[in-house]
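There are 2 protein chains.
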Amino acid sequence: MNIVAAQSGGPTAAINASLLGVYREARENKQIERIFGARNGIEGFLQEKLVELNGLFDTEEQAQLLRQTPSTVLGSCRYKLPPVCPDEKTYVRIFDLLDKYQIGAFFYIGGNDSMDTIDKLAQYGSMIGSPIRFIGIPKTIDNDLMHTDHTPGFGSAAKYVATTVQEIIRDSSVYALNSVTIIEIMGRNAGWLTASVCVLRKNGEVAPHLVYLPEKPFRVSDFIRDVKEVQKQHKAVIVAVSEGILLDFEDHADDGRHQVLDGFGHVGQLAGAGKALERVVRRELGCKVRAIELNVMQRCSSHLASMTDLREAETIGREGIKAALSGVTGVMMSIKRLADEPYQIEIVQTRLHGVAGLEKHFPEEWITAEGNQIRDEAIPYFSPLIQGDLYVLKKNGIPMQYSL
Amino acid sequence: MNIVAAQSGGPTAAINASLLGVYREARENKQIERIFGARNGIEGFLQEKLVELNGLFDTEEQAQLLRQTPSTVLGSCRYKLPPVCPDEKTYVRIFDLLDKYQIGAFFYIGGNDSMDTIDKLAQYGSMIGSPIRFIGIPKTIDNDLMHTDHTPGFGSAAKYVATTVQEIIRDSSVYALNSVTIIEIMGRNAGWLTASVCVLRKNGEVAPHLVYLPEKPFRVSDFIRDVKEVQKQHKAVIVAVSEGILLDFEDHADDGRHQVLDGFGHVGQLAGAGKALERVVRRELGCKVRAIELNVMQRCSSHLASMTDLREAETIGREGIKAALSGVTGVMMSIKRLADEPYQIEIVQTRLHGVAGLEKHFPEEWITAEGNQIRDEAIPYFSPLIQGDLYVLKKNGIPMQYSL
Chain A
1 MNIVAAQSGG PTAAINASLL GVYREARENK QIERIFGARN GIEGFLQEKL VELNGLFDTE
61 EQAQLLRQTP STVLGSCRYK LPPVCPDEKT YVRIFDLLDK YQIGAFFYIG GNDSMDTIDK
121 LAQYGSMIGS PIRFIGIPKT IDNDLMHTDH TPGFGSAAKY VATTVQEIIR DSSVYALNSV
181 TIIEIMGRNA GWLTASVCVL RKNGEVAPHL VYLPEKPFRV SDFIRDVKEV QKQHKAVIVA
241 VSEGILLDFE DHADDGRHQV LDGFGHVGQL AGAGKALERV VRRELGCKVR AIELNVMQRC
301 SSHLASMTDL REAETIGREG IKAALSGVTG VMMSIKRLAD EPYQIEIVQT RLHGVAGLEK
361 HFPEEWITAE GNQIRDEAIP YFSPLIQGDL YVLKKNGIPM QYSL
Chain B
1 MNIVAAQSGG PTAAINASLL GVYREARENK QIERIFGARN GIEGFLQEKL VELNGLFDTE
61 EQAQLLRQTP STVLGSCRYK LPPVCPDEKT YVRIFDLLDK YQIGAFFYIG GNDSMDTIDK
121 LAQYGSMIGS PIRFIGIPKT IDNDLMHTDH TPGFGSAAKY VATTVQEIIR DSSVYALNSV
181 TIIEIMGRNA GWLTASVCVL RKNGEVAPHL VYLPEKPFRV SDFIRDVKEV QKQHKAVIVA
241 VSEGILLDFE DHADDGRHQV LDGFGHVGQL AGAGKALERV VRRELGCKVR AIELNVMQRC
301 SSHLASMTDL REAETIGREG IKAALSGVTG VMMSIKRLAD EPYQIEIVQT RLHGVAGLEK
361 HFPEEWITAE GNQIRDEAIP YFSPLIQGDL YVLKKNGIPM QYSL
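For the record, the sequence lines run as chains A and B. With the first letter of the first sequence counted as 1, position 50 gets the number 50 in this note's numbering; the numbers rise by one all the way through. With the first letter of the second sequence counted as 1, position 70 gets the number 70 in this note's numbering; the numbers rise by one all the way through.
Read the hints as simulated data drawn from the structure, not as lab findings. Some hints here could point you the wrong way.
Just so you know, same-sequence chains aren't split out, so a pair can sit in one copy or run between any two.
[Claimed, not checked] Derived lysine to any residue pairs resembling SDA-like cross-links, with alpha carbons at most 25 Å apart: (1) Lys80 - Lys232; (2) Lys49 - Phe95; (3) Lys360 - Glu346; (4) Lys202 - His234; (5) Lys336 - Ile379; (6) Lys49 - Arg311.
If we strip away everything but chain A, and leave its shape as in the complex, we get (with noise of 0.2 Å):
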């Protein structure tokens, strides 16, 4: 049988490591024929955009560049498929392409909105009484898929974040007079990303010393009362933000934010939070004042991936096709953790009607009482997920990558 694999959603570090994982598992087994890639996603798929992949990454320099390159290398879609009822010629369309190219099995890597995409094919395949097997393989920074311990690419992410924010609280630090950083991290309904900082603990920083996430209420005198608080203690007071977090201004009125929907009906385009904030602090607090986003830089610094995620993403890739040639459709792989410390994992199945839909936030737990610090009991959560780094080839000294 033959067999294709597509990306969809945002970027990550480490989606092209699943890929790798898919594509050598299959080339080292002899029931699967050619692998087909699927250009931006199941758009892409419905296009008839289809690349064959055999012979790309079979020497492990080949498998290297894939493994350093950021982003998704057979690019990716913000499509949603419409409803079996009453738009079924979608669905037919698939399937009849899936006949054409004879595909025995369909990995779909990506985040929540992906996985609700291979949740309808898989039900649909069920319906018609389709062989083919439908199978997830999760990535997503914001580490908000339900029913695994953690996702592919959220580690890469972490390691950026925890590294960056280290040399801006160094770069934030060096005069002699009152300032304020806000450091504004990728995060829309989940702060996991943005918790992570908390992992310099571990080295010894104090910054930063305040962190908010979408989990909790935001007031912006809350806000203010909490830097004047730190003001007492740090000259430069370091402040990170999840761009998701809902600004209540009551009477601090700021009309700085804009809002888009995106093609899913989710608030798009969220990156603002820190601009606002940092207009409130200019107003109320008068001092140094500066926000920074950390945009897409930390979704896709290939060049401080964490191994660990690297090895995961593509381990989990790999088990897909395991799950696939087991004959089990309908399933997202997943991590389940086994132990911190030494930390250990093995992959497992769920079920993708649990998974789509569904978002896991941060947890309560791990949040101090007055909203605005992680507790230490969420480290031993974060650390392992940053340990290792990937040696990156290099050519005139910048990382090499790879483009198909």
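Mind docking chain B on chain A? Use the hints.
Structure of chain B alone, referenced to chain A:
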């Protein structure tokens, strides 16, 4: 005799390497007894904030920790020395303190404004017949100092910019739709750092497709025309733009930028050019658009430091000590390039008088006639400066950093 070193101006990834060079050469020299560091530059020196450094950086591990720590371990300032007439009392205070601590040589590691400070001190010293030597050690990611081929700190910033922009290119090119990504890079009046993205061409990158520097007038209508032209060939248009470009909006009115004067009368907190252009693109072209500021990360990312840069920064510190011991004063240590390939430099001395207050701009002849791209002729200038990687000591998956 004793010596004192201080750091001033904006952080870089190489400024501590220069301090290490001063320290090591001083420790290897019997004539020098105590090595003082002044916290927060000349401002801290005036407040007698001195710390004795002897013994702190003698082992290879101590040295490595200092080398891999970004920003300034001694702290910094943006303090402008008043003119000798009519304000001599500040100078009297400084020279009293120099006497009190039996300082024979003063080393100031900084940029343009810091060279102004050390120049004034050297002049005053000559005027009063002081035997104390004043040596300027250059650093700035802006690369805008006159009479030096380039400045320590620039190579590491350029290596960060090249690596990160390449990753952003991957991130920005995943969707099958028109998009414009605008990357805002530091550079107030000089476009060196923005222009350095041209090194990516050596690795086969076509993007960034458009590059705008402050050396050329920037017309919004031309920018829109340029983007439309690139869109004919590339769905994902990548633009690199200096923070210092002066937007001529003509009829494209925009109110999004605010400018603040810093202590030297410079326009400060320029950040905002990218965001302003983002609004223009959204309004005029209506496609997906994102502005990304590389912000302070481009000047403090030691984890991506250029080894060539760090070695030169350390050497230039060492040569500063040698110059002082030979009796020289009132000079900046500077870099003379002997060859691009194989790359070769030597450290020479430049009279401070020809440096302070002047700015070196990016050469006109390395910008295309259209003013929107860098010519290939600039690549051999930039490329050697980003070669070599720092081996970074880590703990718990995060770089170790030194704190005084």
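At most 25 Å between C-alpha atoms: does Lys49 with Arg311 qualify within a copy, between copies, both, or neither? neither (29 Å within a copy, 49 Å between copies)
At most 25 Å between alpha carbons: which applies to Lys336 and Ile379, within, between, both or neither? So Lys336 and Ile379 pass the 25 Å test inside one copy only (18 Å; across, 49 Å).
Homo-oligomer pair classification [Lys232, Lys80; C-alpha up to 25 Å]: Classified as neither; 50 Å inside a copy, 28 Å across copies.
When Cα atoms must be at most 25 Å apart, do Lys360 and Glu346 count as within-copy, between-copy, both, or neither? within (20 Å within a copy, 58 Å between copies)
Have a look at Lys202 and His234 and pick one of within, between, both or neither, based on CA distance no larger than 25 Å. within (20 Å within a copy, 45 Å between copies)
25 Å Cα cut-off: does Lys49 pair with Phe95 within a copy, between copies, both or neither? within (15 Å within a copy, 74 Å between copies)
Hints 1 and 6 from the earlier list are contradicted by this structure; the remaining hints agree with it.
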